[in-house]
Amino acid sequence: MTETRPRSHTSPYPLWFFIPAAIIYGVLFLAPTVSSLWFSLTRWDLSTAEFIGLENFRQFFSEPFLVQGLVNTLIYAVTTSGLKTVCGLLLAVLLTGNIFARGFLRTLVFFPVLVSTIGIGITFTVMMHPTRGIINVALETLGIPGPGWLTNPALALFSVALVDLWKGVGLATLIFIAGIAAISPDYYEAARIDGATRLQQFSRITLPLVRPAMITVVTLSLIGGLRSFDLIWAMTRGGPGFSSDVIASVIYKQYQAGFYGLSTAGNVILFALIAIIILPLTLWFNRREVEE
Amino acid sequence: MTKRIGVIFATASALAALIAAGPSQAETKLSFLIDNSPDTVAAADALVAAYEKKAPDVSIDIEQRPGGGEGDNIIKTRLATGEMSDVFLYNSGSLMQAIKPGRTLVDLSNLSSQANVNESFKAVVRADGKVYGVPFGTAQGGGIFYNRKIYQELGLSVPKTWAEFMANNEKVKAAGKVAIAQTYRDTWTSQLFVLADYYNLNAAVPNFAEDYTNNKIKYATTPAAMKGFEHLKEVHDAGLMNEDFGAASYDDGLRMVATGEAAHYPMLTFAIGALKQDYSDNLNDVGFFAQPGDDASKNGLTVWMPAAAYIPTGSKHIDEAKKFVDFVGSVEGCKIMMATNTVQGPSLVNGCPLPADVPPSVKDMLPYFETKGLTTPALEFSSPIKGPSLEQITVEVGSGIRQPADAAALYDDDVRKQAKQLGIPNW
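Quick note, the sequences are listed as chains P and D, same order. Each residue of the first sequence is one higher than the one before, starting from 1 at the first, in my numbering. Each residue of the second sequence is one higher than the one before, starting from 1 at the first, in my numbering.
Honestly, the hints are just simulated from the structure, not real lab data. Glycine is no exception: its CB is placed at the ideal position from the N, C-alpha and C atoms. Heads up, some of the hints might be wrong.
Said to hold, decoys possible - No more than 25 Å apart at the CA atoms, straight line, and that leaves these computed lysine to any residue pairs for SDA-like:
| no. | chain 1 | residue 1 | chain 2 | residue 2 |
| --- | --- | --- | --- | --- |
| 1 | D | LYS420 | P | GLU140 |
| 2 | D | LYS322 | D | ASP61 |
| 3 | D | LYS218 | D | GLY423 |
| 4 | D | LYS323 | D | CYS352 |
| 5 | D | LYS173 | P | LEU66 |
| 6 | D | LYS54 | D | GLU332 |
| 7 | D | LYS276 | D | ASP186 |
| 8 | D | LYS335 | D | LYS177 |
| 9 | D | LYS420 | P | ARG132 |
| 10 | D | LYS233 | P | PRO64 |
| 11 | D | LYS218 | P | ARG58 |
| 12 | D | LYS420 | P | PHE57 |
| 13 | D | LYS216 | P | GLU55 |
| 14 | D | LYS386 | D | GLY69 |
| 15 | D | LYS216 | P | GLU63 |
| 16 | D | LYS420 | P | LEU66 |
| 17 | D | LYS316 | D | GLU52 |
| 18 | D | LYS177 | P | GLU63 |
| 19 | D | LYS160 | D | ASP61 |
Unchecked claim - Covered by chain D, per the in silico footprint, the following chain P stretches (three or more residues, Cβ under 8 Å):
| no. | stretch |
| --- | --- |
| 20 | 40-46 |
| 21 | 238-249 |
Unchecked claim - Computed spacing ranges between beta-carbons, pair by pair:
| no. | chain 1 | residue 1 | chain 2 | residue 2 | range |
| --- | --- | --- | --- | --- | --- |
| 22 | D | GLU164 | P | ARG132 | 26 to 36 Å |
| 23 | P | ALA272 | D | ASN284 | 54 to 64 Å |
| 24 | D | ALA46 | P | LEU279 | 35 to 45 Å |
| 25 | P | TRP166 | D | THR371 | 55 to 65 Å |
| 26 | D | LYS130 | P | TRP166 | 28 to 38 Å |
| 27 | D | PRO56 | P | ARG132 | 47 to 57 Å |
| 28 | D | PRO56 | P | PHE51 | 44 to 54 Å |
| 29 | P | VAL67 | D | GLY129 | 57 to 67 Å |
My request is simple: use the sequences and hints to build the entire structure.
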């Protein structure tokens with residue numbers, strides 16, 4: 001009791017010092033969040049808003065494709081995040097090794113991160129055309145009939161996820177390279193003296209010590225996957241039919257139709273979903289870190 | 001000293017003259033928002049050039065927006081935030097009703113040009129007894145484009161019933177050609193078999209539009225309304241479509257039917273504009289017929305009304321804008337558009353006849369318009385409700401992902417959502 005009170009008095013900054021930051025935070029973050037909570041409870045046409053209670057949420061959850069959109073979102077997020085972590089780690093091991101043209105190869109892996117997502121989407125849409133696209137034309141010359149990458153409903157979501165991997169793996173690699181570079185070379189030297197193989201060095205030294213980097217990659221790519229929209233929209237617009245719809249594209253379609261209150265409700269749901277998945281995950285990661 | 005005073009006087013009077021003369025050069029600047037299709041741009045440019053000659057004190061800036069859902073968004077957002085241009089083009093019919101004309105648009109009932117505008121058009125830009133727009137372009141039909149060369153080669157005749165149409169398709173397929181071009185990359189093109197079937201639906205169930213608006217009749221429980229969805233499935237199951245139908249675009253569809261890669265392409269006749277621009281050499285090879293139904297004696301055309309020019313209530317130059325819109329809707333304006341633009345059907349301004357040299361696909365449409373009762377406006381002009389997901393649903397049926405009955409029920413759900421959001425009674 002006597003300890004807590006002096007602490008609040010000994011803050012080096014007076015209260016008014018925080019006011020400018022608090023105003024910026026309130027205007028830019030707090031006000032939109034609270035107002036979107038309000039608008040999600042209304043029938044809203046941008047100029048008038050009529051309060052209709054939880055009707056929008058009821059409508060959103062009875063939306064025939066919401067459930068599929070939800071499942072697709074999870075599939076997409078887990079697939080892209082898992083692939084980015086595995087491929088990113090492997091590429092990082094390769095690119096921190098003593099190999100030819102290392103700097104150039106690092107640049108090459110990172111390059112797609114810098115290109116516009118819409119540009120990549122349009123380019124790959126052309127390349128994945130079922131009869132004229134370069135991918136299927138190449139497969140055909142090898143005698144393999146190429147699938148309809150973006151037109152087969154069972155395949156469309158995964159085709160987009162692969163492109164997302166290609167686009168995003170550079171960032172994961174970069175984070176892993178930083179993580180590996182932070183590991184002291186002494187460990188490897190000691191291991192080599194003890195006669196450890198390359199595989200043992202990777203599994204016993206690199207993998208455990210690169211954990212902080214891995215947590216960053218998993219969290220970032222999972223959040224990115226859950227709210228991903230631009231690539232899916234550029235490549236399939238949620239199609240064919242509704243087969244590659246994710247929550248974000250369902251929400252966007254409601255905006256397009258002029259259902260502003262309904263789509264705001266969708267955004268609130270998306271916000272809650274990301275919080276529900278990411279929060280426990282982060283807590284779990286952090287606890288494990290403390291335990292170790 | 002006197003010299004100096006003289007200079008000052010001269011400068012002052014020159015300045016005064018400049019100030020006085022300045023504004024009279026171009027007193028008002030109007031902005032005019034249009035969609036970015038080449039046809040619209042050409043017509044708007046010609047209209048603006050002609051009007052600026054007539055009214056030298058007005059200058060008009062043309063702004064372009066994308067088409068489809070994205071353009072829709074822009075219109076709705078700009079209207080709601082009061083950022084709309086002085087004059088803008090937008091759909092007539094159900095989409096116009098959705099922007100709440102009574103609140104957002106200026107009443108144009110008293111323009112002198114309205115005297116010549118066809119009543120069928122006024123009906124689709126009217127709300128609460130007031131007329132809010134003038135026509136921009138001609139009427140259009142929804143039906144099926146066909147390649148006349150293929151028809152000649154194979155000795156086919158224009159079908160009057162769906163069965164005849166399917167028989168034609170089988171012959172085309174047997175000849176090793178694509179019978180029906182489908183272009184699901186541009187999802188909106190997948191709706192034609194359903195939307196263009198409305199003449200047949202209306203013939204079978206004459207009060208469909210009213211009952212549908214009042215929540216008394218459903219697609220899923222009306223066999224005549226299910227026909228459009230069933231046609232999509234039939235065409236898919238018979239393997240009549242181009243191999244890359246899932247990835248082909250609207251432009252691919254036009255190319256296929258114009259150059260004879262495919263025999264048919266279901267589409268609105270506004271495509272004639274694009275055909276003329278991109279495949280002018282093949283324009284005479286393309287013909288058009290209404291979507292066939294069950295009965296040869298009841299073969300008629302579903303008609304789409306053109307877009308309209310509107311003035312938002314937020315405009316700062318309503319009077320000048322009214323004069324320009326009056327010009328757009330006048331016989332003179334109609335003739336300028338006819339001369340610049342491709343004709344897509346009959347004009348909706350009386351006293352503005354079609355030119356003599358229209359393409360065959362337009363000639364094919366005229367018999368429907370010349371006989372009373374052979375045309376009916378599409379459902380979206382008779383009812384304020386059109387579900388936003390129809391295009392995804394028709395892609396599913398046309399790709400064999402979903403069965404017609406299931407699709408119709410799903411569309412009914414979609415329609416319910418739209419009706420509730422619009423606040424229509426009885427839903």
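Right, here's what the structure says about each hint:
{"no.": "1", "hint": "D:LYS420 x P:GLU140", "verdict": "50 Å, violated"}
{"no.": "2", "hint": "D:LYS322 x D:ASP61", "verdict": "16 Å, holds"}
{"no.": "3", "hint": "D:LYS218 x D:GLY423", "verdict": "18 Å, holds"}
{"no.": "4", "hint": "D:LYS323 x D:CYS352", "verdict": "20 Å, holds"}
{"no.": "5", "hint": "D:LYS173 x P:LEU66", "verdict": "39 Å, violated"}
{"no.": "6", "hint": "D:LYS54 x D:GLU332", "verdict": "12 Å, holds"}
{"no.": "7", "hint": "D:LYS276 x D:ASP186", "verdict": "20 Å, holds"}
{"no.": "8", "hint": "D:LYS335 x D:LYS177", "verdict": "40 Å, violated"}
{"no.": "9", "hint": "D:LYS420 x P:ARG132", "verdict": "44 Å, violated"}
{"no.": "10", "hint": "D:LYS233 x P:PRO64", "verdict": "21 Å, holds"}
{"no.": "11", "hint": "D:LYS218 x P:ARG58", "verdict": "22 Å, holds"}
{"no.": "12", "hint": "D:LYS420 x P:PHE57", "verdict": "14 Å, holds"}
{"no.": "13", "hint": "D:LYS216 x P:GLU55", "verdict": "23 Å, holds"}
{"no.": "14", "hint": "D:LYS386 x D:GLY69", "verdict": "13 Å, holds"}
{"no.": "15", "hint": "D:LYS216 x P:GLU63", "verdict": "22 Å, holds"}
{"no.": "16", "hint": "D:LYS420 x P:LEU66", "verdict": "18 Å, holds"}
{"no.": "17", "hint": "D:LYS316 x D:GLU52", "verdict": "19 Å, holds"}
{"no.": "18", "hint": "D:LYS177 x P:GLU63", "verdict": "40 Å, violated"}
{"no.": "19", "hint": "D:LYS160 x D:ASP61", "verdict": "47 Å, violated"}
{"no.": "20", "hint": "40-46", "verdict": "holds (count 3)"}
{"no.": "21", "hint": "238-249", "verdict": "holds (count 6)"}
{"no.": "22", "hint": "D:GLU164 x P:ARG132: 26 to 36 Å", "verdict": "33 Å, holds"}
{"no.": "23", "hint": "P:ALA272 x D:ASN284: 54 to 64 Å", "verdict": "60 Å, holds"}
{"no.": "24", "hint": "D:ALA46 x P:LEU279: 35 to 45 Å", "verdict": "60 Å, violated"}
{"no.": "25", "hint": "P:TRP166 x D:THR371: 55 to 65 Å", "verdict": "59 Å, holds"}
{"no.": "26", "hint": "D:LYS130 x P:TRP166: 28 to 38 Å", "verdict": "55 Å, violated"}
{"no.": "27", "hint": "D:PRO56 x P:ARG132: 47 to 57 Å", "verdict": "52 Å, holds"}
{"no.": "28", "hint": "D:PRO56 x P:PHE51: 44 to 54 Å", "verdict": "52 Å, holds"}
{"no.": "29", "hint": "P:VAL67 x D:GLY129: 57 to 67 Å", "verdict": "45 Å, violated"}
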